[in-house]
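Undergrad: Given the structure of chain F, go ahead and fit chain S onto it with the hints provided.
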Amino acid sequence: DGGITQSPKYLFRKEGQNVTLSCEQNLNHDAMYWYRQDPGQGLRLIYYSQIVNDFQKGDIAEGYSVSREKKESFPLTVTSAQKNPTAFYLCASSIRGGAILSGNTIYFGEGSWLTVV
Amino acid sequence: AQKVTQAQTEISVVEKEDVTLDCVYETRDTTYYLFWYKQPPSGELVFLIRRNSFDEQNEISGRYSWNFQKSTSSFNFTITASQVVDSAVYFCALSQDGSGNTGKLIFGQGTTLQVKP
Numbered sequence: 027d028g029g030i031t032q033s034p035k036y037l038f039r040k041e042g043q044n045v046t047l048s049c050e051q052n053l054n055h056d057a058m059y060w061y062r063q064d065p066g067q068g069l070r071l072i073y074y075s076q077i078v079n080d081f082q083k084g085d086i087a088e089g090y091s092v093s094r095e096k097k098e099s100f101p102l103t104v105t106s107a108q109k110n111p112t113a114f115y116l117c118a119s120s121i122r123g124g125a126i127l128s129g130n131t132i133y134f135g136e137g138s139w140l141t142v143v
Numbered sequence: 052a053q054k055v056t057q058a059q060t061e062i063s064v065v066e067k068e069d070v071t072l073d074c075v076y077e078t079r080d081t082t083y084y085l086f087w088y089k090q091p092p093s094g095e096l097v098f099l100i101r102r103n104s105f106d107e108q109n110e111i112s113g114r115y116s117w118n119f120q121k122s123t124s125s126f127n128f129t130i131t132a133s134q135v136v137d138s139a140v141y142f143c144a145l146s147q148d149g150s151g152n153t154g155k156l157i158f159g160q161g162t163t164l165q166v167k168p
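Listed in order, the protein sequences are those of chains F and S. Each residue of the first sequence is one higher than the one before, counting from 27 in the working numbering. Each residue of the second sequence is one higher than the one before, counting from 52 in the working numbering.
With the rest of the complex left out, here is chain F (with noise of 0.2 angstroms):
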């Protein structure tokens, strides 16, 4: 089946301690996004990347890392610098150059639950 894999569903980190979201697409999209989302809240762009081995920050990048080498895969880096880790992330893909195919319809995967415990 195509789309985009994210895992584990629910991690738990430790204080002081880094991990890594997996987020794999079979949909052969160029760009791939990370959000976060807070109880209640919209979702908040964390990283974008629009071609292999470039990646841009998004509006809450501070205490995050990711790394574009394969075209299918955009792993994030929870590091211990992000301070409020704890949050529900979701992993997406769309088309590059979507405006002049009709637009850019974002796909998302199921989200990986994060806690700090």
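Rather than coming from a laboratory, the hints here were simulated on the basis of the structure. Some clues are possibly wrong.
Listed next, the in silico SDA-like pairs over lysine to any residue satisfying Cα-Cα at most 20 angstroms (straight line) [to be verified]:
{"id": "1", "chain 1": "S", "residue 1": "Lys54", "chain 2": "F", "residue 2": "Asp85"}
{"id": "2", "chain 1": "F", "residue 1": "Lys83", "chain 2": "S", "residue 2": "Lys54"}
{"id": "3", "chain 1": "S", "residue 1": "Lys54", "chain 2": "F", "residue 2": "Gln67"}
{"id": "4", "chain 1": "S", "residue 1": "Lys54", "chain 2": "F", "residue 2": "Gly68"}
{"id": "5", "chain 1": "S", "residue 1": "Lys54", "chain 2": "F", "residue 2": "Gly66"}
{"id": "6", "chain 1": "F", "residue 1": "Lys83", "chain 2": "S", "residue 2": "Gly94"}
{"id": "7", "chain 1": "F", "residue 1": "Lys83", "chain 2": "S", "residue 2": "Gln147"}
{"id": "8", "chain 1": "S", "residue 1": "Lys89", "chain 2": "F", "residue 2": "Pro65"}
{"id": "9", "chain 1": "F", "residue 1": "Lys35", "chain 2": "S", "residue 2": "Glu95"}
{"id": "10", "chain 1": "F", "residue 1": "Lys35", "chain 2": "S", "residue 2": "Pro91"}
{"id": "11", "chain 1": "S", "residue 1": "Lys54", "chain 2": "S", "residue 2": "Asp73"}
{"id": "12", "chain 1": "S", "residue 1": "Lys54", "chain 2": "F", "residue 2": "Pro65"}
{"id": "13", "chain 1": "F", "residue 1": "Lys35", "chain 2": "S", "residue 2": "Ser93"}
{"id": "14", "chain 1": "S", "residue 1": "Lys89", "chain 2": "F", "residue 2": "Gly66"}
{"id": "15", "chain 1": "S", "residue 1": "Lys89", "chain 2": "F", "residue 2": "Thr131"}
{"id": "16", "chain 1": "F", "residue 1": "Lys83", "chain 2": "S", "residue 2": "Asn127"}
{"id": "17", "chain 1": "S", "residue 1": "Lys89", "chain 2": "F", "residue 2": "Gly68"}
{"id": "18", "chain 1": "F", "residue 1": "Lys35", "chain 2": "S", "residue 2": "Gly94"}
{"id": "19", "chain 1": "S", "residue 1": "Lys67", "chain 2": "S", "residue 2": "Asn127"}
{"id": "20", "chain 1": "F", "residue 1": "Lys35", "chain 2": "S", "residue 2": "Val97"}
{"id": "21", "chain 1": "S", "residue 1": "Lys89", "chain 2": "F", "residue 2": "Gln67"}
{"id": "22", "chain 1": "S", "residue 1": "Lys89", "chain 2": "F", "residue 2": "Gly29"}
{"id": "23", "chain 1": "S", "residue 1": "Lys54", "chain 2": "F", "residue 2": "Asp64"}
A short list of chain F residues far from chain S (calculated; beta carbon distances all over 10 angstroms) [said to hold, decoys possible]:
{"id": "24", "residue": "Pro34"}
{"id": "25", "residue": "Thr46"}
{"id": "26", "residue": "Asn52"}
{"id": "27", "residue": "Val78"}
{"id": "28", "residue": "Glu95"}
{"id": "29", "residue": "Thr131"}
{"id": "30", "residue": "Glu136"}
So, partial list: chain S residues that the calculated Cβ filter (under 7 angstroms) puts toward chain F [as the list claims (entries may be wrong)]:
{"id": "31", "residue": "Lys54"}
{"id": "32", "residue": "Asp73"}
{"id": "33", "residue": "Gln160"}
Predicted, not measured: the structure shown is a model, and the values here were computed from it. Even glycine gets a Cβ: it sits at the ideal position worked out from N, Cα and C.
TA: What follows is chain S alone, placed relative to chain F:
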């Protein structure tokens, strides 16, 4: 500044009632894209509709309809004859990049819809 406001935090209706979810946006871009997503309890975001700023035609898809009015910067979503399966959090979103090329979105805070049997 770009912003999306969903003033209704929670809405509760009885099955078969019609319900409208409001979305008001702010942007200085002349070209932009608006989206609605549904987030069921499982967490993933399900794409419902994309609309570009040049297309003010209302759209109907089954029990769903959307009313886009540039004059009032609104993009409201109506569910006709609501069903229990419609219970979810609904997000309205605006493309940060006016061209829609990057797929970066600004989300409203979401409206939780509860449909009671």
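Undergrad: Would you mind marking each hint as holding or not holding in the structure?
TA: Comparing the hints with the structure gives:
1. Distance check on the hinted pair: Lys54 of chain S and Asp85 of chain F sit about 13 angstroms apart at the alpha-carbon level, within 20 angstroms; holds.
2. Proximity of Lys83 of chain F to Lys54 of chain S is assessed by CA-CA distance (about 19 angstroms); at most 20 angstroms being required, the pair is judged to hold.
3. Simply put, Lys54 of chain S and Gln67 of chain F have alpha-carbon atoms about 13 angstroms apart, close enough for the 20 angstroms limit, and the pair holds.
4. For the proposed pair Lys54 of chain S and Gly68 of chain F, the alpha carbon gap of about 11 angstroms is at most 20 angstroms, so the pair holds.
5. Of the pairs offered as hints, the one joining Lys54 of chain S and Gly66 of chain F holds, with about 17 angstroms between alpha carbons and a cut-off of 20 angstroms not exceeded.
6. About 24 angstroms separates the Cα atoms of Lys83 of chain F and Gly94 of chain S, which puts this hinted pair outside 20 angstroms; it is violated.
7. At most 20 angstroms may separate the alpha-carbon atoms for a hinted pair to count; Lys83 of chain F and Gln147 of chain S meet this at roughly 13 angstroms.
8. Annotation: proposed proximity of Lys89 of chain S to Pro65 of chain F holds, straight-line Cα distance about 16 angstroms (limit 20 angstroms).
9. At roughly 11 angstroms between alpha-carbon atoms, Lys35 of chain F and Glu95 of chain S fall within 20 angstroms of each other, so this suggested pair holds.
10. Note on Lys35 of chain F and Pro91 of chain S: the hinted pairing holds, with a Cα-Cα distance of about 16 angstroms set against a maximum of 20 angstroms.
11. The suggested pairing of Lys54 of chain S with Asp73 of chain S holds, with an alpha-carbon distance near 14 angstroms, which does not exceed 20 angstroms.
12. Between Lys54 of chain S and Pro65 of chain F, the direct Cα distance comes to roughly 19 angstroms. Compliance with the 20 angstroms bound is thereby established for this hinted pair.
13. Between Lys35 of chain F and Ser93 of chain S, the direct Cα distance comes to roughly 11 angstroms. Compliance with the 20 angstroms bound is thereby established for this hinted pair.
14. For the hint linking Lys89 of chain S to Gly66 of chain F, the alpha-carbon distance of about 14 angstroms falls within 20 angstroms, and the restraint holds.
15. Restraint check for Lys89 of chain S and Thr131 of chain F: the C-alpha separation of about 14 angstroms stays at or below 20 angstroms, so the hint holds.
16. Note on Lys83 of chain F and Asn127 of chain S: the hinted pairing is violated, with a Cα-Cα distance of about 31 angstroms set against a maximum of 20 angstroms.
17. Between the alpha carbons of Lys89 of chain S and Gly68 of chain F the distance comes to roughly 12 angstroms, so the proposed pair stays at or under 20 angstroms and holds.
18. Pair hint Lys35 of chain F plus Gly94 of chain S holds up; C-alpha atoms about 10 angstroms apart against a cutoff of 20 angstroms.
19. A C-alpha spacing of about 19 angstroms is found between Lys67 of chain S and Asn127 of chain S, which places the hinted pair at or below 20 angstroms, so the restraint holds.
20. For the given pair, Lys35 of chain F sits about 17 angstroms from Val97 of chain S by alpha-carbon distance, which is consistent with the 20 angstroms threshold.
21. For the given pair, Lys89 of chain S sits about 14 angstroms from Gln67 of chain F by alpha-carbon distance, which is consistent with the 20 angstroms threshold.
22. Only pairs whose Cα atoms come within 20 angstroms are accepted, and Lys89 of chain S paired with Gly29 of chain F is accepted, the gap being roughly 17 angstroms.
23. For the given pair, Lys54 of chain S sits about 17 angstroms from Asp64 of chain F by alpha-carbon distance, which is consistent with the 20 angstroms threshold.
24. Every C-beta of chain S lies more than 10 angstroms from that of Pro34 of chain F, the closest at about 13 angstroms, which supports listing it as non-interface.
25. Even its closest Cβ contact with chain S, about 19 angstroms, leaves Thr46 of chain F beyond 10 angstroms, as expected for a residue assigned away from the interface.
26. Remark: the non-interface label on Asn52 of chain F is consistent with the geometry, its nearest Cβ contact in chain S lying 16 angstroms away (cut-off 10 angstroms).
27. The Cβ of Val78 of chain F sits about 16 angstroms from the closest Cβ of chain S, beyond the 10 angstroms cut-off, so the non-interface label holds.
28. Every C-beta of chain S lies more than 10 angstroms from that of Glu95 of chain F, the closest at about 20 angstroms, which supports listing it as non-interface.
29. Not every C-beta of chain S lies more than 10 angstroms from that of Thr131 of chain F, the closest at about 6 angstroms, which undercuts listing it as non-interface.
30. The claim that Glu136 of chain F lies off the interface is violated: its Cβ sits roughly 4 angstroms from the closest Cβ of chain S, which falls inside the 10 angstroms cut-off.
31. For Lys54 of chain S, the interface hint is violated, the least distance from its beta-carbon to any beta-carbon of chain F being 11 angstroms, above 7 angstroms.
32. The criterion of a C-beta within 7 angstroms of any C-beta in chain F is not met by Asp73 of chain S, whose closest approach is roughly 14 angstroms, and the hint is violated.
33. For the restraint placing Gln160 of chain S at the interface with chain F, the shortest Cβ-Cβ distance is roughly 5 angstroms, inside the 7 angstroms limit, so the hint holds.
Checked against the numbered hints listed earlier, the structure breaks hints 6, 16, 29, 30, 31 and 32; every other hint is satisfied.
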